[in-house]
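Go by the hints and put chain B onto chain A.
For the protein sequence lines, the chains are A and B, in the order given.
Heads up, the first sequence stops at 138 in this note's numbering, and the numbers go up one at a time, no gaps.
Heads up, the second sequence stops at 156 in this note's numbering, and the numbers go up one at a time, no gaps.
In case anyone wonders, no lab produced these hints; they're calculated from the structure.
Note that beta-carbon positions come from the ideal geometry of N, C-alpha and C, so glycine has one too.
If you want a taste of the chain B side facing chain A, the calculated C-beta under 7 Å gives, among others:
1. P99
2. P111
3. V139
Calculated from the model, a selection of chain B residues having no Cβ within reach of chain A, i.e. all distances over 10 Å:
4. R27
5. G30
6. S77
7. G89
8. L142
9. E153
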Amino acid sequence: MMTSSGEIASSEVLSSFIVFSKWIRKTDNTVKQDAFMPSSDPKFGIATSVTRREGLSDEEFWRIGRNVTHARRADVQKLLGSADLLAIKVTMAGLGMVQDPVENNPNHACIIQWPANLEAQKAAALKLAAASRFSPVR
Amino acid sequence: MSNLARRFWPTGSATASPTGEFISRMRQKGFNSLQETFSLGMEGKGVLNELLEVGKECSINGWDGDCAQPVHVASISLARRFLKSLPPGSTAPTIGAEPNGLVTLEWYRSPYRVLSISIGTDGLLYYAALLGDGEARGVERLESPTTILGLIEQVA
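Extracted from the complex, chain A is given alone in its bound form (with noise of 0.2 Å):
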């Protein structure tokens, strides 16, 4: 498997694993923002947990994310797909990123930086979800 190295580019695609139905639209299987607001993380305060799709096969790519899911929680729902956006949308929401390889998932990254306060947490959040698509599980 190849793995990515060096600074997560602009034009790179960032995906986060979709586990909850509620988190996918049912009316035009758009992504809600909730997919994308962050939770407590030991390294970076507050992060939202992304793939990036650099140097991944589909294969490659969707056997990380069973394995990822699966190895946090076995008895959750089936990862039913990602949701996926262009690393400059998290910029352009005034957001960073940072690479952060763990042992089951060389590509893993984080989106970071967040703003304090809830409402501009989620007003950040509308706008990576507006910049998104989701793609089923293959």
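Only chain B this time, still in chain A's reference frame:
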């Protein structure tokens, strides 16, 4: 004040007279009856059932396949209270949840015309909206969501 906000407070202006109080009680009773009807109320639109489903699905750690906290019971309870207080005939939101354990309500027309509210366990409603070229965000008390009611009208 938006039309929705005017309908949110059906009792109108306060009055201390016995007649005024009687009229206020009757208005509230009428409001509650309309809210409970199948066609006009949130219950009939299936929203309260959807809230229960989210509460169940998101009751465990990591329900999102990552580090999500279980949805707070207080957030579910306050969401229910807010939904039941919306004027009869209001457009129903869809229900969701965030990794921080808060219930979300969303009114959606398109990716750039959307309102999302997080139901805080502290009785506060945290909202953000994209309105085409504009946007809005803020915090309001559950008992007096004037701006939020205006945004629902703009988006829905």
